[in-house]
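Undergrad: Below are the chains, spelled out letter by letter.
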Amino acid sequence: MSLLSEIIVSVLLVAAGVFGLVGSFGLLKLPDTMTRLHAPTKATTLGVGSTLLASMLYFLLFQGRLSWHELMITMFLLLTAPITANFIAKAHLHRFRDQETLPDTGTPDDWATFEDEAKEMEPVMTRDTPRR
Amino acid sequence: MLRKLFPHPYLTLLLVISWLLLVNEYKLGSLVFALILGIIIPMMTAPYWPDRPILRNPAAIIGYVLIVLYDIVKSNFIVAGIVLFTPNKKLQSTWITVPLELRTPEAITVLAGTITMTPGTVTADMSGDGRALLVHCLHAPDPDSVRDEIKTRYEARLMRIFE
Amino acid sequence: MIQYALIFAFACFGIALLFNLYRIFRAPGVVDRVLALDTMVINIIAIFILYGISTHSGVYFEAALLFAMTGFVSTVAYCKFILRGDIIE
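Chains as they are written, first to last, in this note's numbering: chain E, -19 to 112; chain Y, 214 to 376; chain X, 921 to 1009.
Honestly, the hints are just simulated from the structure, not real lab data. Treat the numbers as computed from the prediction; the structure is a model and nothing was measured. Among the hints, a few may not be true.
[As the list claims (entries may be wrong)] Below 30 Å or equal to it, Euclidean Cα-Cα: the simulated DSS-like pairs (lysine-lysine) are: (1) E/Lys9 x Y/Lys287; (2) E/Lys9 x Y/Lys302; (3) Y/Lys303 x Y/Lys364; (4) E/Lys9 x Y/Lys303.
Given these sequences and hints, build the entire structure.
TA: Next up, the structure:
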């Protein structure tokens, strides 16, 4: 039992280290900004996620106390990672304005980043469904 | 009465859970305090929630969360494999447009977040009228299949939850 | 065994931080620097938690949580600054 739990925690820790390292290595290796965005948002979330899981299991199995506020950090990171990725992508699009390389929207409007500043300030969407 | 006490039941639940997670041990006192916070904060912030999403199908939400968690783990392995073993010259990264059938802002937010967290795709932008998403693929030899997978795997499920 | 796994994980995240630092110094654009800073925050959170495990104490979780929050807010503020040239409008 003790050996099994040690193996589980160790495997989680090693996996966390490998994924964290791969995420940061992708930051160096991949060729341009948009592809570089992929590596950290994905690989590091699982890296930190399995560190947190290992910590929970460690305190539960070896210290005998249930510690669950790691879940809070996991939840927070899983919620914020897409938002930061989206912001960074938007900042990249805004800065380089490589509008020709993007595909067509398929709708009358252009992509939101390239629309006029005045139009951007207005709420982009309105709710179609009636309020209850 | 119940509707007045809990103007936003999901927010109440979220606040109670996060307070208990922060306290990090279960005691009756902290549960009571969490409930007090969970009742007061939604009441005070009610003016900032002019309209709220209508969630239809609680069982479908749990299924959706499980699928997304599985896909996050899978995407980690795929992206790690691409980073380590695919040379940069063979990398076929493209932009794709995903036309949206979802209309509520909350549903589109959830879909955009899901696309960012899952295999090799990042949501970058949305069209001005909210009818299409701009998605960047890390390695997509066949962009159409990626779009079809997003539409059938995530959007169809979100349609069942939100609309 | 856990000791060795901990040392391995510490080393991995330490090397990852060095990679990020290199990317901050040598980046083609400001967006890459923001991305490297964001990754750095995530790696530092992991190191906090590993340190918490190795000292058997739960004190460092508060630090990790606060770091996660300030890291998120600062990344969003940087991006907002690039987008609009202003943080609070």
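Undergrad: Look at each hint and say if it fits the structure.
TA: Checked hints:
1. E/Lys9 x Y/Lys287: holds, 21 Å
2. E/Lys9 x Y/Lys302: Satisfied, since the Cα-Cα distance of roughly 12 Å is no more than 30 Å.
3. Y/Lys303 x Y/Lys364: With Cα atoms ~27 Å apart, Y/Lys303 and Y/Lys364 stay inside 30 Å; holds.
4. E/Lys9 x Y/Lys303: holds, 13 Å
When each numbered hint is compared with the structure, no violation occurs for any of them.
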